[in-house]
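Peer 1: The lines below spell out each chain.
There are 4 protein chains.
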Amino acid sequence: MIIVTRRGVTDEEIDHIRERVEALGLRTHISRGEARTVIGCIGDEAVLREAPLLSIPGVEAVHPVMNPYKLASRLFSAEPTTIQLGDTLVGGPELIVIAGPCTVEGKEMMSQTAAGVAAAGARALRGGAFKPRTSPYSFKGMGQSGLEVLAEVRAETGLPVVTEVMDTREVELVASYADVLQVGARNMQNFTLLTEVGRLHRPVLLKRGMSATIKDLLLAAEYVMSQGNMDVILCERGIRTFETATRNTFDLAAIPVLKKETHLPVIADPSHAGGRRDLVAPLSYAAVAAGADGLMIEVHPDPETAVSDGDQSLTIPEFAEMMESLRPFVEAAGRILPRGSLTA
Amino acid sequence: MIIVTRRGVTDEEIDHIRERVEALGLRTHISRGEARTVIGCIGDEAVLREAPLLSIPGVEAVHPVMNPYKLASRLFSAEPTTIQLGDTLVGGPELIVIAGPCTVEGKEMMSQTAAGVAAAGARALRGGAFKPRTSPYSFKGMGQSGLEVLAEVRAETGLPVVTEVMDTREVELVASYADVLQVGARNMQNFTLLTEVGRLHRPVLLKRGMSATIKDLLLAAEYVMSQGNMDVILCERGIRTFETATRNTFDLAAIPVLKKETHLPVIADPSHAGGRRDLVAPLSYAAVAAGADGLMIEVHPDPETAVSDGDQSLTIPEFAEMMESLRPFVEAAGRILPRGSLTA
Amino acid sequence: MIIVTRRGVTDEEIDHIRERVEALGLRTHISRGEARTVIGCIGDEAVLREAPLLSIPGVEAVHPVMNPYKLASRLFSAEPTTIQLGDTLVGGPELIVIAGPCTVEGKEMMSQTAAGVAAAGARALRGGAFKPRTSPYSFKGMGQSGLEVLAEVRAETGLPVVTEVMDTREVELVASYADVLQVGARNMQNFTLLTEVGRLHRPVLLKRGMSATIKDLLLAAEYVMSQGNMDVILCERGIRTFETATRNTFDLAAIPVLKKETHLPVIADPSHAGGRRDLVAPLSYAAVAAGADGLMIEVHPDPETAVSDGDQSLTIPEFAEMMESLRPFVEAAGRILPRGSLTA
Amino acid sequence: MIIVTRRGVTDEEIDHIRERVEALGLRTHISRGEARTVIGCIGDEAVLREAPLLSIPGVEAVHPVMNPYKLASRLFSAEPTTIQLGDTLVGGPELIVIAGPCTVEGKEMMSQTAAGVAAAGARALRGGAFKPRTSPYSFKGMGQSGLEVLAEVRAETGLPVVTEVMDTREVELVASYADVLQVGARNMQNFTLLTEVGRLHRPVLLKRGMSATIKDLLLAAEYVMSQGNMDVILCERGIRTFETATRNTFDLAAIPVLKKETHLPVIADPSHAGGRRDLVAPLSYAAVAAGADGLMIEVHPDPETAVSDGDQSLTIPEFAEMMESLRPFVEAAGRILPRGSLTA
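Residue numbers (the numbering used here), protein chains in the order written: chain A, 1 to 344; chain B, 1 to 344; chain C, 1 to 344; chain D, 1 to 344.
One copy or two, either will do: identical chains are not told apart, so a pair holds if it fits within one copy or between any two.
List of simulated lysine-lysine pairs, DSS-like, C-alpha gap at most 27 Å:
| hint | residue 1 | residue 2 |
| --- | --- | --- |
| 1 | Lys140 | Lys70 |
| 2 | Lys215 | Lys260 |
| 3 | Lys70 | Lys215 |
| 4 | Lys140 | Lys215 |
| 5 | Lys140 | Lys107 |
| 6 | Lys260 | Lys70 |
| 7 | Lys259 | Lys215 |
| 8 | Lys70 | Lys259 |
I should point out that these hints are in silico values taken from the structure, not numbers from a laboratory.
Could you put the whole structure together from the sequences, leaning on the hints where they help?
Peer 2: In structure tokens:
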């Protein structure tokens, strides 16, 4: 931590600042400039982070030197983390595509979707049984019976299942069905939920909040990891800005920035980022080109009748076509895109 | 709902759009323009809101006509809602000030703060026992023993207590101590938490999320109200923008916009909005001038040692001074600011 | 400037960084931490600001210590700057209201508006002769004949005239008519225009750009001042964010932040900030409460027929009423609101 | 235009709304709903766009049906526009890379850069002779002698020259040297500058403003085109958001949205979007994958000594390497990346 004093700071003020910092167990190093004095604080910066340094008389600015996250940092693990998903790895050489409808609407539509996306090369099935809805009057999902549908379809197709958990009281229930626990954008800073999913041995797919910085996202991952669960997949899904042509603003640069800052795998959700069916393909190509480890894509057998997010869902044939056109970009990025399953 | 078709839409497409809308129980009204056709949908718009109309061939744009919230709307209640808080009313003629530290740090500092803020005219005490912290390594509050401190200090001073609840599992516990349940900005779209606090008969103080629109905030209130709890106090506390001179960007205009859209009381939190001690006073004056029903202000007996938010906390004398300088603005706004308690 | 090195920086890299900084005429001061080294740079920071320090191997972060503006800074002038406007001063004890239509539409409507706003207490007349319009097909103003109308109405009423200049080629022309040259939000970083208005002895009203930080605004003022023209009035008029309930997001906190950072007068434009007639009054009260030196308000004799910004314009009687209700807030802020002229 | 009335609108108010719309030459079509009435306006929407419809009593909302731009719209030209640049076409099958330093610093460094980038496959040279600088104390470019350097280097290498024009007074001068006139982000809504460059027969490279929506960018292009100059190249270079890990937020989705909305070519500027050397390559790959017609990249022979933007500039070998790794993405996108010139 570097403390910069106000112009005209007194020696007494500087002494008082030093005392406060040293009382917290750090050493200080004073550098007097022409107008201001700079106080370098040497030692465990985490201790200082909470201290209200700006409220000490004479302090003008405080600059942290270290990142507030540790376990999520590149410094913690030189090797990229890979996470088992069915018989493949997220973060390995394969480009992982997770596909399925926004909401689990019933057994038949899930079977149909799962077979279709598996045939086209998807390696996991998504679908919400518990749905966060902006309006209290919207359909909130099938709940546990939706989880049962997911488990049945997994048994049929072999596709591992990614589904959202919204409530600390439901973490165990969801974990008893799901292969990956998704924490949604609106819950990215629901810290008690992060803590609970951190206590399990089940991969967590953590979506970036609409107003979360990259640093916030890594701190949310740190919450999970600090409980012992190191299997966190980060997901860029767009941030909220002034632009209204798209549902959110896809922060593509977050992908290479995250790949540099952390050893965790990073995927993208072009469906929510754009909110428009016609943007799913170009955003997918771009995410792969920028280094994403995977994609999560909304697919519905009949988007016109979908109970949610129909506007941004691909049909099964559209998904298959997109996967084919994605292939050269995956290869250009030096990754592998699996062929679809024969059984589908 | 108004549906606008694409240029060159065919009659078959228009028929198909009408069929889908009418299948949902609404009537349609066609208006053919020079290039596009406009289809007015008459009936319960809520049904249509979920339908993926944009995914129907020929549809270019969809414009809602009605607000998605009902109970929170001005149309639902011509009279402003007033909410009992101790022996006063939020939303009535009095300007309500809620003051106290960010975090409950112990009995003594709470007693001292409560006495000080009551003496200066505050009508309720704030203080967090369960704290949402961006880093997992930060102090997360005293938990239940913090709630007990709040209850003891209420017994001493008569000040009702406002404190945050973060987890559905803790709603009953917190409600057994608190007079007002605060839902923080990061949980504004934690829909299961909103549902749980909606099931109690205890006022809810709902803070606007950092990336929440005014409409999102009203829908979050609707969640609570749709469960039967109509006592929701809305709180503007700043949104996240590109400006870094302040911790958040205080969206002052949200106050008069909310007062027009809803019958619920609206307060402001200038401490979090600005994130700087020197901005608390001017932001408070402005909020009152713009029509706020109250203020929530961070006060700490010794901000330099505060475990959180010390940089933006007022000392007790600074708070007392601010309250005095606030008085003429309260009067200019046609409201009443109570004199401080004699006992303090 | 403080330079923070990367973890694992070598001695050779540190030497190279020092050489580069010292080659620019500054001294360096090294402080070795546990993982990183901090290099304080002592001397004229302005020289370093342009240097691509981040591109030097081993550098991880660079923290400026000083503000990039000088003439606009509080440090340059302990006393607040006051600027003559007709027979009053902007930045003095009086709260200055500048009122008038968005666009000069003709002599009669300007005379009528000027008489009306003067009678209600406005001290200057606004009105655009050259109009920045988002669409090339919109009316772009009367041009020079609009300036002539403004001059005639000034002769009639004694109200000084504030009008926008958009083009370096028109600066002299506009200055030959106007008392204050307005630089609009879209031209806040039109640096050649700022330079030209800086060469005149005519006050400049500088509006904050939609995506300009407070620092950017002060640097734009510095452009004008660095040419010799110290009479700059800053104007907060809303920034662009995700919120759509208002035309822009009124950054109220910018007013006290600016009053602290600079000696220049600061006014607010509630008409553009909110973009809604019903918000003009509450935003005006709030701006005054937060310490604004003045207000700029759109008034039109018949907003329904206004060629631009009719939706946010007050009628003359609405303006008069607003001015009366503003008075107690002006007094609460310790300022003076003049009574309207007798002649109107 | 669709007008939605307030709940409880009276027949007199509806009649008044109709009269105002019909007085402007449009026809109206009334559709009465349960609570509100919808008034469709049939005819030239451009006329209505300026009318302050919201200020008419009884009007609650106004929804435009048509885009405000015409010449820039896909509807105006079914075929993509191609623009001659040296002996190639922007918007044709070739992926066009424009490269060079931020600022023209002298003849030698320009020659060296031009030779290097041409050898690596760049098809045009960028370099600023007139530079917009946030601080008035920064170097503002070599001016006309910088233009002369550009012309000399063009003569040497055959590379056409792209350079910025900032002032209406300099448009002719810059046009007498440059092959493409660049209008920078800060001048995207400098409407008189747009008008002037629209009067020439010289391609214009129009950069998106930091707070400009996609619609704003297309309206800025419309300004140029409405003067007769149809050769506009649009450039996405990042918008301003709350994220600080990158200099701007690269709005990648703008590329496919623009390709759909307009026939004009669209390029990306990954150097300014990310503001970091290490992000130039991944952002370039992504832009190409998303359908960009070209890239504009900052290259400097010695970034450590660059007078501006050194932190984000590639060295010549880094650029050459990036171009090679870009090739498979260009091919995946179905475009052609030319081999570098033999002469370099």
